[in-house]
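As given, the protein sequences belong to chains L and S, one line each in that order. The first sequence maps to residues 12 to 214 in the numbering used here. The second sequence maps to residues 12 to 214 in the numbering used here.
Do not rely on the hints blindly, as some may be mistaken.
Copies of the same chain are indistinguishable here, so a pair counts whether it falls within one copy or spans any two.
SDA-like, lysine to any residue: derived pairs with alpha carbons at most 25 Å apart [stated by the list, open to error]:
{"#": "1", "residue 1": "K114", "residue 2": "D164"}
{"#": "2", "residue 1": "K114", "residue 2": "D185"}
{"#": "3", "residue 1": "K114", "residue 2": "P158"}
{"#": "4", "residue 1": "K42", "residue 2": "R165"}
{"#": "5", "residue 1": "K140", "residue 2": "P193"}
{"#": "6", "residue 1": "K42", "residue 2": "A85"}
{"#": "7", "residue 1": "K114", "residue 2": "R144"}
{"#": "8", "residue 1": "K42", "residue 2": "T82"}
{"#": "9", "residue 1": "K42", "residue 2": "R155"}
{"#": "10", "residue 1": "K42", "residue 2": "H126"}
{"#": "11", "residue 1": "K140", "residue 2": "P192"}
{"#": "12", "residue 1": "K140", "residue 2": "D185"}
{"#": "13", "residue 1": "K140", "residue 2": "A113"}
{"#": "14", "residue 1": "K140", "residue 2": "L191"}
{"#": "15", "residue 1": "K114", "residue 2": "A212"}
{"#": "16", "residue 1": "K140", "residue 2": "A53"}
{"#": "17", "residue 1": "K15", "residue 2": "S34"}
{"#": "18", "residue 1": "K114", "residue 2": "A132"}
{"#": "19", "residue 1": "K42", "residue 2": "G213"}
By construction, these hints were calculated from the structure, which means they are not laboratory data.
2 protein chains.
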Amino acid sequence: MNAKERRQQLRIALIDAAERVISERGLVHLKARDLAEAVGCALGTIYNVFPDLDGLVLEVNLRTLILFEATIAAAQERAGGDGPEEAITDLTRLAVAYLAFAKAHPLRWRALFQHRLANEAAPPDWYLKEQVRLFRYIEEPLSRLCPYLHAHDRHLLARTIFSATHGVVSLGLDEKLLSLPPATLQGQVERVVQAMGRGLAGG
Amino acid sequence: MNAKERRQQLRIALIDAAERVISERGLVHLKARDLAEAVGCALGTIYNVFPDLDGLVLEVNLRTLILFEATIAAAQERAGGDGPEEAITDLTRLAVAYLAFAKAHPLRWRALFQHRLANEAAPPDWYLKEQVRLFRYIEEPLSRLCPYLHAHDRHLLARTIFSATHGVVSLGLDEKLLSLPPATLQGQVERVVQAMGRGLAGG
């Protein structure tokens, strides 16, 4: 194994170790020292592979986004039919899949939103591209629901619908704030997306 | 000044000092040592007045809720008329006031959601009561929009509408995630609340 291969192997071992910490204990428990110990390298060696821990967290968050995409792609069988009701059904199914994902992977899901880059830097392009790709799952039924929207406006509205759904899921799952019983929460997610969908179809 | 009065004076000085730190630097910078120094007492003396820093943060968060209530009470002049459009206008005005408050007081607003009690304890009743009181501002136009709702269901839906609005405001103001220009963000808040309102009125 040459140096480049060793480096690549270490890189993957570090992402795996960080993924375990984030999904089992949460982002706040991620410490370089523990990671070095987990993969059996010196502390400084981590920084030969990643400029800082942020780079490592972004890789784990990318895996979370990809895992989430696999979940919604599975929930993506269309209802059949091109009317507004079918588009609303599809939007609702996406929102319910988001809730299910957040419940199934609470800590790695939270890490997507907790993580802040040093110096208020924006995430790198490869990460933003994955986010944009995910919004397309919302844009597709939205284009059937509101065919009059221009692409820019549809993109913006898809983000807003995501944000609204995220708010209901996030506060609804938060035991300290507005925690709701699981069945009630899913009912509220469905209700709010259906109401938005009907309001948009009518407007 | 007797012991009880001194204690009460110290209590208020500590809340004032914590409020300054939270609103100027953010919740993560709140340290007992700095507070003791700011009010000129020994570190241990804080814990004669508050069981822990959580109690102090709750007092600051209560002040934030009261400040927010003053803002929305001012935005509360009714549009006049009892139809669904007026109710939607009133709900939209509340959501826009929420966005304006979050922008005007970003750090103390974030503290409302960042703060976690030790041992996953639920907030005390006096704090929860203030939250419930605030939801009534949403319930009032909602009762005009959806007169068919039972009280329990209306209360639940008011929380859900708040959570959806919070999601759009929170992610829209988050520079790391989905940050939007101010005018666009306000437009999206209005749009999502209007769509929800129309969907609810129609359903």
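Now for the hints, and whether the structure bears them out:
For the homomeric pair K114 and D164, the shortest alpha-carbon distance between copies (23 Å) is at most 25 Å, but the shortest distance inside one copy (30 Å) is not. When the C-alpha separation of K114 and D185 is checked against a cutoff of 25 Å, the pair qualifies both within a copy, at 11 Å, and between copies, at 23 Å. In this homomeric assembly, K114 and P158 never come within 25 Å of each other (Cα to Cα): the closest approach is 33 Å inside a single copy and 33 Å across copies. For the homomeric pair K42 and R165, neither the shortest alpha-carbon distance inside one copy (40 Å) nor that between copies (45 Å) is at most 25 Å.
Taking CA atoms no more than 25 Å apart as the test, K140 paired with P193 passes between copies only; the shortest distance there is 23 Å, against 32 Å inside one copy. For the identical chains of this complex, K42 and A85 are neighbours neither inside a copy (34 Å) nor across copies (47 Å), given an alpha-carbon limit of 25 Å. For a Cα distance limit of 25 Å, the shortest separation of K114 from R144 inside one copy, 22 Å, qualifies, whereas the shortest one across copies, 29 Å, does not. In this assembly of identical chains, K42 and T82 lie within 25 Å of each other by CA distance neither inside one copy nor across copies; the values are 29 Å within and 42 Å between.
Taking the shortest Cα distances, K42 and R155 never come within 25 Å of each other, neither inside one copy (46 Å) nor across copies (52 Å). Taking the shortest alpha-carbon separations for K42 and H126, both the intra-copy value of 14 Å and the inter-copy value of 22 Å come in at or below 25 Å. For the identical chains of this complex, K140 and P192 are inter-copy neighbours only, at 20 Å across copies versus 35 Å inside a copy, given an alpha-carbon limit of 25 Å. Taking CA atoms no more than 25 Å apart as the test, K140 paired with D185 passes between copies only; the shortest distance there is 18 Å, against 29 Å inside one copy.
In this homomeric assembly, K140 and A113 come within 25 Å of each other (Cα to Cα) only inside a single copy, at 21 Å, whereas the closest approach across copies is 28 Å. Taking the shortest alpha-carbon separations for K140 and L191, only the inter-copy value of 17 Å comes in at or below 25 Å, while the best intra-copy value is 33 Å. Taking the shortest alpha-carbon separations for K114 and A212, neither the intra-copy value of 30 Å nor the inter-copy value of 31 Å comes in at or below 25 Å. In this homomeric assembly, K140 and A53 never come within 25 Å of each other (Cα to Cα): the closest approach is 33 Å inside a single copy and 52 Å across copies.
In this assembly of identical chains, the alpha carbons of K15 and S34 never lie at most 25 Å apart, being 29 Å within a copy and 49 Å across copies at closest. Taking the shortest alpha-carbon separations for K114 and A132, only the inter-copy value of 20 Å comes in at or below 25 Å, while the best intra-copy value is 29 Å. Taking the closest pair of Cα atoms, K42 and G213 never come within 25 Å of each other, the shortest separation being 51 Å inside a single copy and 52 Å across copies.
Of the numbered hints listed earlier, those contradicted by the structure are 3, 4, 6, 8, 9, 15, 16, 17, 19.
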